[in-house]
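Colleague: Sequence:
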Amino acid sequence: MAGLIPRQFIDDLLARTDIVELIDAKVNLKKAGKNYQACCPFHSEKSPSFTVSRDKQFYHCFGCGAHGNAISFIMEYERLEFVDAIEEIASLAGIEVEREQNTSPEQQRKQAQIHAQKQDDYQLLGNIARYYQHNLKHHSDSKSVIDYLKGRGLSGEIVKKFGVGYAPDSWDGVMGQFGQSQPLSAQLVELGMAIQGDKNRPYDRFRGRVMFPITDKRGRVIGFGGRVLSDGTPKYLNSPETRIYHKGQELYGLYEAKKYAKDLQRLVVVEGYMDVVALAQHDIPYAVASLGTSTTVEQLQTLFRTVKEVVCCYDGDRAGRDAAWRAMENALPLIRDGFSLKFVFLPDGEDPDTLVRQQGKDAFETIIDNAKPLSQFIFEHLLSSLDTNSAEGKAALIGKFEPYLEKMPDSVLKDSMITDLANKFGLGSEQQLHKLTRTKSKTSTAIKKDAKNKVTPVRLAIALLLEHPHLEGVLEDFSVLDTIELPGIHILRQLLQQCRANPECTGAQLVENWRDSDIGPVLSKLLIWEHHIEKDAAEGVFIDTLDKILNTFVEQRTENLLQKARLGQLNSQEKQELQSLLNAQS
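Just so we're aligned: 181 in UniProt numbering is position 181 of the sequence shown, and the numbers increase by one with no gaps anywhere.
Please note that the accuracy of each hint is not assured.
Stated by the list, open to error - Below are the DSS-like pairs computed for lysine-lysine, each with C-alpha atoms no more than 30 Å apart in a straight line:
{"no.": "1", "residue 1": "Lys259", "residue 2": "Lys26"}
{"no.": "2", "residue 1": "Lys235", "residue 2": "Lys199"}
{"no.": "3", "residue 1": "Lys361", "residue 2": "Lys262"}
{"no.": "4", "residue 1": "Lys217", "residue 2": "Lys161"}
{"no.": "5", "residue 1": "Lys525", "residue 2": "Lys259"}
{"no.": "6", "residue 1": "Lys30", "residue 2": "Lys46"}
{"no.": "7", "residue 1": "Lys110", "residue 2": "Lys217"}
{"no.": "8", "residue 1": "Lys342", "residue 2": "Lys400"}
{"no.": "9", "residue 1": "Lys34", "residue 2": "Lys525"}
{"no.": "10", "residue 1": "Lys235", "residue 2": "Lys143"}
{"no.": "11", "residue 1": "Lys137", "residue 2": "Lys217"}
{"no.": "12", "residue 1": "Lys118", "residue 2": "Lys161"}
{"no.": "13", "residue 1": "Lys548", "residue 2": "Lys575"}
{"no.": "14", "residue 1": "Lys160", "residue 2": "Lys150"}
{"no.": "15", "residue 1": "Lys160", "residue 2": "Lys361"}
{"no.": "16", "residue 1": "Lys46", "residue 2": "Lys259"}
{"no.": "17", "residue 1": "Lys407", "residue 2": "Lys394"}
{"no.": "18", "residue 1": "Lys361", "residue 2": "Lys259"}
{"no.": "19", "residue 1": "Lys217", "residue 2": "Lys262"}
{"no.": "20", "residue 1": "Lys56", "residue 2": "Lys259"}
Because the hints were derived from the structure by calculation, they are not lab data.
With these hints in hand, go ahead and build the complete structure from the sequences.
Modeller: What follows is the structure in structure tokens.
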């Protein structure tokens with residue numbers, strides 16, 4: 001397993017990345033004073049409220065509140081995970097991502113070989129995808145293939161967007177083009193593009209099929225799905241599991257949905273490649289396919305990392321409902337407040353492809369809008385096998401629901417389901433039902449104080465330091481802050497130490513160091529805080545603010561000691577401390 005990405009590499013990557021250039025390549029920025037503006041890419045708006053600061057290397061939307069550094073932008077805009085975003089930015093900079101060398105030289109060598117092999121695999125499959133796309137236009141069969149695609153209602157534009165191609169009805173199309181040597185021939189077999197035949201002569205896996213390239217989250221081709229043009233079998237043929245393709249972890253069309261869908265709010269999970277492409281053809285670009293598997297935990301995690309609403313669209317037959325139930329079971333541990341999983345079951349003989357072509361976009365989206373919520377799906381499924389009018393049926397009801405409720409994390413949805421059971425079926429008080437199912441939510445009563453508008457000396461000092469890290473130089477010795485006990489003072493001390501350790505750091509780098517902590521969002525808000533203190537006055541205000549912090553602490557400490565003195569609770573050391581404080585203030 002590859003080592004962690006060193007913190008120093010992340011800091012260096014941010015230092016060499018200009019956030020204005022990075023964002024401008026994806027969003028058209030315009031100069032506005034010392035900053036840059038655009039309409040926010042994360043929500044719909046008519047006038048620009050999205051601001052990018054070159055000085056701070058940070059962006060902020062005053063409309064929806066989105067903010068962050070270059071890494072945050074790539075994660076949100078491209079909907080990538082942290083490591084993938086680092087790799088994306090590093091590739092734009094033309095550098096390799098460093099990894100901590102916490103393994104033996106032999107393991108490091110093997111890891112380097114694996115990495116090089118995967119890069120070669122991605123390149124080879126990308127070349128094969130282009131080969132299939134070339135065949136779609138230039139092969140002798142191209143007219144009949146294009147007529148087939150047109151007959152399915154697909155335009156040239158949508159075919160291009162999804163990279164659809166054609167595998168000729170030949171035993172050695174890919175092998176003849178890419179398998180000229182024994183190592184390449186073996187690689188094609190390992191990647192599932194060829195099958196090992198008799199007498200050690202591999203032949204093409206995909207023949208006479210429309211080809212749909214399957215891409216990963218970064219748009220790299222990792223496998224293929226092929227559909228026959230006529231009534232041959234199997235109708236769909238998919239790449240097998242390989243070292244770079246694991247079908248239970250991937251979703252067909254997810255890369256395209258993130259790339260082409262504006263303001264992506266939900267994803268619809270369908271069964272086939274053609275369903276995804278046909279829906280995109282009808283301006284429904286937010287469909288993905290689960291690649292012939294029941295929707296797995298890994299796929300659901302990816303879906304909920306991308307959007308908050310997922311709709312599973314299945315056939316209404318027994319197989320479709322069984323697939324929906326398995327998806328529901330996999331999703332239960334992932335459902336939390338703010339996220340939803342819904343279900344749609346299409347009429348017999350219909351699939352998304354045929355339905356959207358016959359009835360159009362509006363009709364299909366109406367069906368999706370009226371999808372069945374997860375709770376309703378569970379209730380209907382479990383109640384269908386029970387007679388809730390009988391005492392026996394009611395007694396069995398708790399046992400039916402209990403394993404599913406136990407899988408769910410504490411949430412409003414879970415509480416409402418338990419309440420419905422108690423109220424609708426006369427199962428006793430809600431408290432009794434909670435006890436029976438052992439699933440009562442432990443709702444936290446702790447309320448976090450929102451002090452974003454409260455100006456305190458410590459907050460102001462942190463905000464100034466984030467904007468001007470060189471201000472750490474005004475204090476020769478940070479230990480003067482060690483005895484101070486004020487909210488946030490420990491954060492200020494750590495930031496000062498980080499600035500001293502890295503004199504060339506920026507506020508964006510400092511905030512990045514706190515990404516996975518509860519403090520990260522607070523620091524992000526302070527970095528974008530419009531405190532209206534000019535750059536030339538920052539050092540003076542910072543020094544004054546530190547003085548206020550010291551004075552505030554002295555006043556508080558003096559008052560505490562005086563209170564103890566009134567009660568006769570001072571020890572000898574505290575008496576000396578109080579006398580010193582009083583002398584200093586006289």
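Colleague: Which earlier hints turn out false for this structure, listed by number in ascending order?
Modeller: Hints that this structure does not satisfy do not exist here, as all of them hold.
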